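Q: Join these two chains into a complex; the hints should help.
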Amino acid sequence: MVKTEIKRIDSQKLLKETNLSKKAALLQYLAQQCRIDVFDILHEKGTGHWGGAASAAELITTLYFHIMKVRPNEPEWAERDRFVLSKGHASTMLYTVLSNRGYFPQSELSTFRTLNSRLQGHPCMNKTPGVEMSTGALGHGLSVTLGMALSAQLLKKKFWSFVLLGDGCLNEGQTWEAIMAAAKFKPERLVLMIDYNKVQLDGNSDEIMPLDPLPEKLKAFNWTVAPKVYDGNMVSDIIQSWEWMQKQTDWPLAVIYKTHKGKGVSFMEDNHKWHGAPIDEDNYAKGRPELLKTLKDLEVQS
Amino acid sequence: MTNQSIAMRDAFGQALVNLADKYDKMVVLDADVSSSTKTIEFGKIKPERFLNVGVAEANMVDIAGGLATCGLRPIVSTFAIFLALKCTDQIRNVVCYNNLPVIFVGGYAGLSDSFDGASHQSVTDLAIMRAMPNMTVLVPGDPTEVQTALEIALENNGPTYIRLSRNPSPILFEKQPLMEISKNRKLSNGSDITMAVCGIPTFMAIEATEKLMKLGVSVDLLQVSTLKPLDIDSLITSVSKTGKILTIEEHSVIGGLGGAIAEALGKHCPVKMDYIGIEDVFAESGPYPELMAKYGISVNAIVDRVKNSMEK
Ligand SMILES: Cc1ncc(C[n+]2csc(CCOP(=O)(O)OP(=O)(O)O)c2C)c(N)n1
Numbered sequence: 229m230v231k232t233e234i235k236r237i238d239s240q241k242l243l244k245e246t247n248l249s250k251k252a253a254l255l256q257y258l259a260q261q262c263r264i265d266v267f268d269i270l271h272e273k274g275t276g277h278w279g280g281a282a283s284a285a286e287l288i289t290t291l292y293f294h295i296m297k298v299r300p301n302e303p304e305w306a307e308r309d310r311f312v313l314s315k316g317h318a319s320t321m322l323y324t325v326l327s328n329r330g331y332f333p334q335s336e337l338s339t340f341r342t343l344n345s346r347l348q349g350h351p352c353m354n355k356t357p358g359v360e361m362s363t364g365a366l367g368h369g370l371s372v373t374l375g376m377a378l379s380a381q382l383l384k385k386k387f388w389s390f391v392l393l394g395d396g397c398l399n400e401g402q403t404w405e406a407i408m409a410a411a412k413f414k415p416e417r418l419v420l421m422i423d424y425n426k427v428q429l430d431g432n433s434d435e436i437m438p439l440d441p442l443p444e445k446l447k448a449f450n451w452t453v454a455p456k457v458y459d460g461n462m463v464s465d466i467i468q469s470w471e472w473m474q475k476q477t478d479w480p481l482a483v484i485y486k487t488h489k490g491k492g493v494s495f496m497e498d499n500h501k502w503h504g505a506p507i508d509e510d511n512y513a514k515g516r517p518e519l520l521k522t523l524k525d526l527e528v529q530s
Numbered sequence: 687m688t689n690q691s692i693a694m695r696d697a698f699g700q701a702l703v704n705l706a707d708k709y710d711k712m713v714v715l716d717a718d719v720s721s722s723t724k725t726i727e728f729g730k731i732k733p734e735r736f737l738n739v740g741v742a743e744a745n746m747v748d749i750a751g752g753l754a755t756c757g758l759r760p761i762v763s764t765f766a767i768f769l770a771l772k773c774t775d776q777i778r779n780v781v782c783y784n785n786l787p788v789i790f791v792g793g794y795a796g797l798s799d800s801f802d803g804a805s806h807q808s809v810t811d812l813a814i815m816r817a818m819p820n821m822t823v824l825v826p827g828d829p830t831e832v833q834t835a836l837e838i839a840l841e842n843n844g845p846t847y848i849r850l851s852r853n854p855s856p857i858l859f860e861k862q863p864l865m866e867i868s869k870n871r872k873l874s875n876g877s878d879i880t881m882a883v884c885g886i887p888t889f890m891a892i893e894a895t896e897k898l899m900k901l902g903v904s905v906d907l908l909q910v911s912t913l914k915p916l917d918i919d920s921l922i923t924s925v926s927k928t929g930k931i932l933t934i935e936e937h938s939v940i941g942g943l944g945g946a947i948a949e950a951l952g953k954h955c956p957v958k959m960d961y962i963g964i965e966d967v968f969a970e971s972g973p974y975p976e977l978m979a980k981y982g983i984s985v986n987a988i989v990d991r992v993k994n995s996m997e998k
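Chains as they are written, first to last, in my numbering: chain Y, 229 to 530; chain P, 687 to 998.
Chain P with its partners taken away, still in its complex shape (with noise of 0.2 Å):
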């Protein structure tokens, strides 16, 4: 890890840039959020592949639709709470029934929009997408991590929605191999406990795990940024060696990630699971770090739920 951080949303803008020549069928929508989202930065160079349909999110994936029945590669971008709700009989009945090639980015996703509140705050998004059939689902763990996310949505025949959050985070996979599709990353070697984390609280999983070491506990560290289709193979490995696992989401407990390894273990190598997220609640406004904090999802509260578990 270094001390570096840049917007996940930045990222993004910079990754559509990188990109816009090397996919020339490419076209970026947007909503009336451009300059939030930070597509404005790809309208800038490529304005004739730019299109700001205004505040009508539903018409928007649609048009997508359109476009990728034609051979153009749509990349559909606003907040991730407006994409999953008042787009989810556009996403399902338009895009994925028809298994078409248009990319889903949801910005501003978990409580990121923490100022904005609870209105903005997108944390039943991954259980909708999930549940999409043919939907692939990502989640970058970091910023290096979000072009690749891209080039893979790019590469994939079919739907795919990328989560992004609005916020800086550290830089993590610099030098580390590049993100591969329905492979999680090891991060730690460890015979206590298995942690499986995904998004922004990557790197509090990180520290965490490396308090957790001089207490004396060893931590298996997972980081899934494809939670559809999920690497399973590599989940039941680290749980048959722990025998307990516990997931870690900003993202409600729900349907989530922790839902998609429960779903997955249950079936093929039940274990002892818990799991921090937004408990099944409204959050509200405030500063991020402490509105993370206050709903659970923090290095401390990671901490203690390992010890907690250990002890029991």
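Bound-form chain Y, shown alone (with noise of 0.2 Å):
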């Protein structure tokens, strides 16, 4: 198949934008344009996740682009702001997401689970600049970024710690024991950011392991939950989340997202069997016109 060349957004021009709604639209663009970018990798590779890394596209360009203060040519930088993936199998999107905010060239992308490549099958700290926390394992990331958080108070430091947990990470048990120290330690900052598409590897959370009612299990265990679920796919919406989180006092905060795991191809969606399957020749082909139709409709929008 000959691939369509699409249009590219000049992310570093994006950054500056200052009207919120317009800004809003052109992440919304840039997000499906890192979903496309993903989904022309994972064809290429014949490996790799795509249903939880286009489930979270909107989250994680959102939070590189508005929400948290970086410095991609200093990623050491000691103030900024942590992000950890705690359902690591998502890395093409946080690949894709952090070379667009200029840690990394572009090009190297396509080097994604090869021999030599810094780009990982899952996230490593020591090998990619800007990734925060090696993952894979799941069941990790909110221990960690409690770790985080704790040293920001401890260091009396002012940056915040947000990590993004799946369905499956919240099967893990070592998940609710952090979530029990958080509300022991409270720490400042600290922000679970749930992408709850309800479709784990097996099949959906309520036949794998039903969460809900989720957000009245997080209040139970004295966590400050956001009062509505936000639409995590909808970039607007998760920029009205985080004009919530700053407004409050009471830590740690919960914010639970619905998504569509697989989000952009109508065939692929909310169905875990695109969990981590190959993007073979056929899917990709009918695929691919419809993450560009969507492209081009956000086009005219922004």
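Wrong hints could be hidden among the right ones.
Just a few of them, taken from the derived set where beta-carbon distance is under 8 Å, the chain P residues facing chain Y [unchecked claim]:
#  : residue
1  : 742
2  : 748
3  : 749
4  : 752
5  : 753
6  : 755
7  : 756
8  : 776
9  : 784
10 : 864
11 : 867
12 : 868
13 : 974
14 : 979
15 : 984
16 : 987
These are calculated hints, taken from the structure and not from any lab test.
From a predicted model like this one, the values you see are computed outputs, not experimental measurements.
Note that beta-carbon positions come from the ideal geometry of N, C-alpha and C, so glycine has one too.
A: As structure tokens, this is what we get:
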């Protein structure tokens, strides 16, 4: 199949946009652009995880281009905000967003999962600039991020510590240990973000391991939980959730985002089979036009 | 050797207190056993740098990982059995994979939690910790080495495991040079057999050496306080002279000191080897010295094993 080139956004210009609704529209476009890049890489390599990466496109894009204070040319800047991708299998989305943000050249993305690459199958902090913690085994992210938030407290720093969990991490007992511990220590600016697509590897979370009523559970564990479930595939909604976070004083914070696994390709959405299956020629040819059409529609809006 | 004994855990609690001001980035974490491991002594003087995370060891290790990424120097303490077994994934995937400077202090190791029984006795921790890339493994041989081990770990830019016992141990090295990383301590010069020992059985090996000397067997005795990276050179020098070696440890004979030395000598200088340690079994409840003796770790067991090997 001939790959149609896409119109790429000037991501550095986007960072300077001050009109919030304009910026939201640009970010929505950028997230879709990243989703297409991920789709292309996964097809090219024949290995990697599509479902969970597509699910988190808008969340990771909005974090790095709107919410977090970072310095891509100084990745170790001590005051930077931290982000941990606890669902490490979504690595391709993190890499694509980081390269767009300026941490490393976009040309490097196609080295994903090849020998000598800095882009490991799952994120590795000592290989990839911008990656704050190596993940892959599920269930570590919240504990580690709690450690970062506690560091901010001990070192009298003001950085935010964000962690993104999927349903799978919330199956792990360790996550609930961390939920209890975070409510005990209450470090400031610790935010648990949940990519709540309700689909895991083997099936829907309702059949694999039901998590509902999730907001009530988190509240019962003494967390401050956002008053609504936001649309995690909608940048304007994610921005709204950030507005809410900044007004809070009772820590830690949990925000649940309704998302769709495999978002953007209709026959892959909400289907566990596309958790980690390679994207073959046929499905690539069927899926890519859908992604391109959405990108085109977003262009009109922005 | 003096007659004075100090419990290894008390030496540890005291060392934390002694080092608290020198290392102001030090944060101590414990999992609801701080009164037993004695980290509570640090908690009393530096409450803001002491985190009791409850009975959730895996979470504790990863919190420490997060602290280490931000420049703090976490010391994670609980019983060795729980550290090595309930946190293996966290130690491997978060701390060692990222080469983070987290210090693990496994208390109550070996059979030293003797009355609590096999559920609490840690005889595979060295095998596990040693197998992790980037990990440094230290085993102090007497109470005076505990603080030195901690200082070595605090100066190390990667993960360190320090294995401690619960019980009193005679003071052996008070008047000797300080323990150094990857340097075996020569405790006796001999030519008939090499003995290599780590941890609490060190005092037994010293006594056994004296007895054997009286029986006409001269022992080259090395105390190994760093299992990884191992000081191979002094072992090679010794066995080149004696032609045989007996290892002695309060750990399974699989994968601990004996395993480490067998790997090294097998490659560089193969000689006859024998191992004293817990055979491949679970032990049981009982008083510590009797328990050690029943499972083959005692002065007499060492003497008998050497005598046997000399007859062959
Ligand atoms: C400890 C551990 N067990 C199993 C796996 C294999 N695994 C990878 S992803 C996954 C399911 C993840 O589901 P979810 O968090 O809902 O992923 P998302 O849809 O958000 O991408 C599983 C079981 C793993 N990576 N780690």
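Q: Decide, hint by hint, whether the structure agrees.
A: Going down the list of hints, with the structure as the test:
1. 742: Holds, because the Cβ-Cβ distance from residue 742 of chain P to chain Y comes to roughly 4 Å (cut-off 8 Å).
2. 748: Holds, because the Cβ-Cβ distance from residue 748 of chain P to chain Y comes to roughly 3 Å (cut-off 8 Å).
3. 749: For residue 749 of chain P, the interface hint holds, since the closest Cβ of chain Y sits about 4 Å away, which is under 8 Å.
4. 752: Hint holds; residue 752 of chain P Cβ to chain Y Cβ min 2 Å, cut 8 Å.
5. 753: holds, 4 Å
6. 755: holds, 6 Å
7. 756: holds, 3 Å
8. 776: holds, 7 Å
9. 784: OK, holds: residue 784 of chain P within 8 Å of chain Y, min 5 Å.
10. 864: violated, 30 Å
11. 867: Since chain Y brings no Cβ nearer than about 23 Å to residue 867 of chain P, farther than 8 Å, the hint is violated.
12. 868: Status violated, d = 24 Å.
13. 974: violated, 32 Å
14. 979: violated, 39 Å
15. 984: violated, 40 Å
16. 987: Violated, because the Cβ-Cβ distance from residue 987 of chain P to chain Y comes to roughly 41 Å (cut-off 8 Å).
The earlier numbered hints that this structure contradicts are 10, 11, 12, 13, 14, 15, 16.
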